[in-house]
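S.K.: Add chain R to chain S, keeping to what the hints say.
So the protein lines, in turn, are chains S and R.
Under my numbering, think of the first position of the first sequence as 1, with each following residue one higher.
Under my numbering, think of the first position of the second sequence as 303, with each following residue one higher.
Certain hints may be false.
As the list claims (entries may be wrong) - Output of the computed footprint for chain R on chain S, the stretches with three or more beta carbons under 8 Å from beta carbons of chain R: (1) 10–17; (2) 22–32; (3) 265–273.
Because the hints were derived from the structure by calculation, they are not lab data.
All residues carry an ideal CB built from backbone N, CA and C; glycine is no exception.
Listed below are the residues making up each chain.
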Amino acid sequence: MKLATPLVAASGTFGFAEDFERIERFSNDDIGAITLKSISMKPRAGNPPPRIVETPAGIINSVGLANPGIVAFKERIVDDLKKYHTAFIANIVGFTVKEYGEVAREFDDIDVVDALEVNISCPNVKKGGISFGTDPKQSFKVIDTVRKSTDKLVIAKLTPNVTDITQIAKACIDAGADMISLINTVNAMVIDIETKRPVLHNNKGGLSGPAIKPIAVYLVNCVYNYVKDNKLDIPIIGMGGVLTYEDVLEFMIAGASAVSIGTGSFYDPFIYKNINNKLYEYLGKNKINDINKLVGSVCLNK
Amino acid sequence: MQKKIFSTSTTVIDNISLGDQYFKLKVKVSKKCFLQASPGQFAHVLCSQEIVSRKNRVFNDYYELKNYVRPNIDKLLESQLLLRRPFCIHDAYVEEINGKSVCVFEFLIRTKRKGTAMLSKLSAGDHLDILAPIGQPFDYKKSVKCDKNVIVVAGGMGVAPVVFLCRKLIENDKYPEIFFGFEEDFSLNAGHTMKTDLNRISKGLTITSNNLHEKWCKKGFVTDELEKHLKKMGADELLNTVIYSCGPHLMLKRLKQIAEQYGVDCEISMEERMACGIGACAVCVCKSSEGLGYKKVCVDGPVFNSKEITFE
Chain S
1 MKLATPLVAA SGTFGFAEDF ERIERFSNDD IGAITLKSIS MKPRAGNPPP RIVETPAGII
61 NSVGLANPGI VAFKERIVDD LKKYHTAFIA NIVGFTVKEY GEVAREFDDI DVVDALEVNI
121 SCPNVKKGGI SFGTDPKQSF KVIDTVRKST DKLVIAKLTP NVTDITQIAK ACIDAGADMI
181 SLINTVNAMV IDIETKRPVL HNNKGGLSGP AIKPIAVYLV NCVYNYVKDN KLDIPIIGMG
241 GVLTYEDVLE FMIAGASAVS IGTGSFYDPF IYKNINNKLY EYLGKNKIND INKLVGSVCL
301 NK
Chain R
303 MQKKIFSTST TVIDNISLGD QYFKLKVKVS KKCFLQASPG QFAHVLCSQE IVSRKNRVFN
363 DYYELKNYVR PNIDKLLESQ LLLRRPFCIH DAYVEEINGK SVCVFEFLIR TKRKGTAMLS
423 KLSAGDHLDI LAPIGQPFDY KKSVKCDKNV IVVAGGMGVA PVVFLCRKLI ENDKYPEIFF
483 GFEEDFSLNA GHTMKTDLNR ISKGLTITSN NLHEKWCKKG FVTDELEKHL KKMGADELLN
543 TVIYSCGPHL MLKRLKQIAE QYGVDCEISM EERMACGIGA CAVCVCKSSE GLGYKKVCVD
603 GPVFNSKEIT FE
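Only chain S is shown next, with the shape it has when bound in the complex:
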């Protein structure tokens, strides 16, 4: 998969690619790849509000995989995607192992989607999602099923809410994942001390934003080291709290081949374009002719 820029829109923060286009001068084509919101077999209403709360340098969301379902996606959304000149990654989710395979198969005839990101890491639903991503055996089963159901590139999206992320990464790679993306949001909660109730209706949610960036950088580096030590060719899409071009560079140096932005685009809708321009400036100034040379260039202390 070749991207025009290393910047990717993160799933769940970009809808189905129509929303940011409402803003004057915004163009989806400024983004290297767009990851669509999670799609399941059946439509899902999602969790009751409040679905969001702001915390220092971050936000906690609990949307709960609200989506129109695969049928409505094919009928109402796919054709609209064709007018853009960027790559699309579909994010798929199931509530049984079998269901992941079924959703994956539905994409066989959707050429505009280049890759499937398998969501085994959503913290906001009771069943499915994260329950598959915290157990290496379950992760293997899901990715194995998806792998056998599609010819498209398979990306496993990992949760940080585990003891040893390399175990999960290994299981996904063994099952045939072409790429790894990480991290999904971090389990979190905010309590209103007046009412003694959690602010989010779902009680807990997933923390994103700059608050989780150091966690994400570390985990990207962990997975990168595993991939490198085993001489595997598995690109990593890193994400978590990216706001600036320095953040993008940090992720790439840690081992990410591409970097996703999510929460940051709520702050600045033009973040993709702005960071991209800054990256060009940086590469020019430092006489780096290929940004890929930076990937994994971190020198760990002995």
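M.R.: What follows is chain R alone, placed relative to chain S:
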């Protein structure tokens, strides 16, 4: 279909204190953004950019906020406020400033927590980054075209979009009947200011409060006064009436019941915690009356026909 949303840096013309925690922020906006704005729409306002440029000043001011003194707050404030805050357009008009025509948006804001505290410190000349105008407006054109009686019901800070709405109605020779209710969250000073403003733009004004004992205030809920008013109307009159409303959930819930009971067309403006503000993230939802789904407050609303949504 929503027209284009402008991402733009506005300039603060004035920050007018209404006493206590209330203030009106007057900003200069571009002509194309101004021309597209309709009553009921909102601006998604960046709260953190001024912190970056004038960090120390805001830190000091923030300490003075009543009941909000905490140790180590400096450390906490070093982090930026990520999310924009949605504020409906309180008023929009063209003003002559130094011989030049300037397009103005006004926002009516109450200082609640960090974001609004930052905004309360802005003064003339400061910049304010906004995305605007966003969302579905009140369909006031319909009531003008069909020559309907207009009733406006506002609760507390829900009075914010009313001024712009009434301006547009009055431009079309329509003077609404206004019902405005407020509780302890709305101070006497701000209530007084609002009373003067609303008197100017209505043919009849009823103000209610449960805890303020002023001559110009009726004791009780605004929805009760509305119901008394509707009771006096004939069936034909009710059919030819439209209610525009904004306020707290409980008030809107009761209003929906009343509107349906009397068969009056009713549009309500909803509020919910918001992130992107443009429809992408799906966090600001309210319950749809069709099926099991939700509607996005930011782009499907904030103004809905009361029949479109349900309250729990």
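S.K.: Test coverage of the segment 22–32 of chain S by chain R using CB-CB distances below 8 Å; three residues minimum.
M.R.: holds (count 5)
S.K.: Are 3 or more residues of the segment 265–273 of chain S near chain R, judged by a Cβ distance of less than 8 Å?
M.R.: holds (count 5)
S.K.: State whether the coverage of the segment 10–17 of chain S by chain R holds or is violated, taking the criterion as 3 or more residues with Cβ-Cβ distances under 8 Å.
M.R.: Three-residue rule met by the segment 10–17 of chain S, so holds; n is 4.
In summary, the structure agrees with every hint in the numbered list given earlier.
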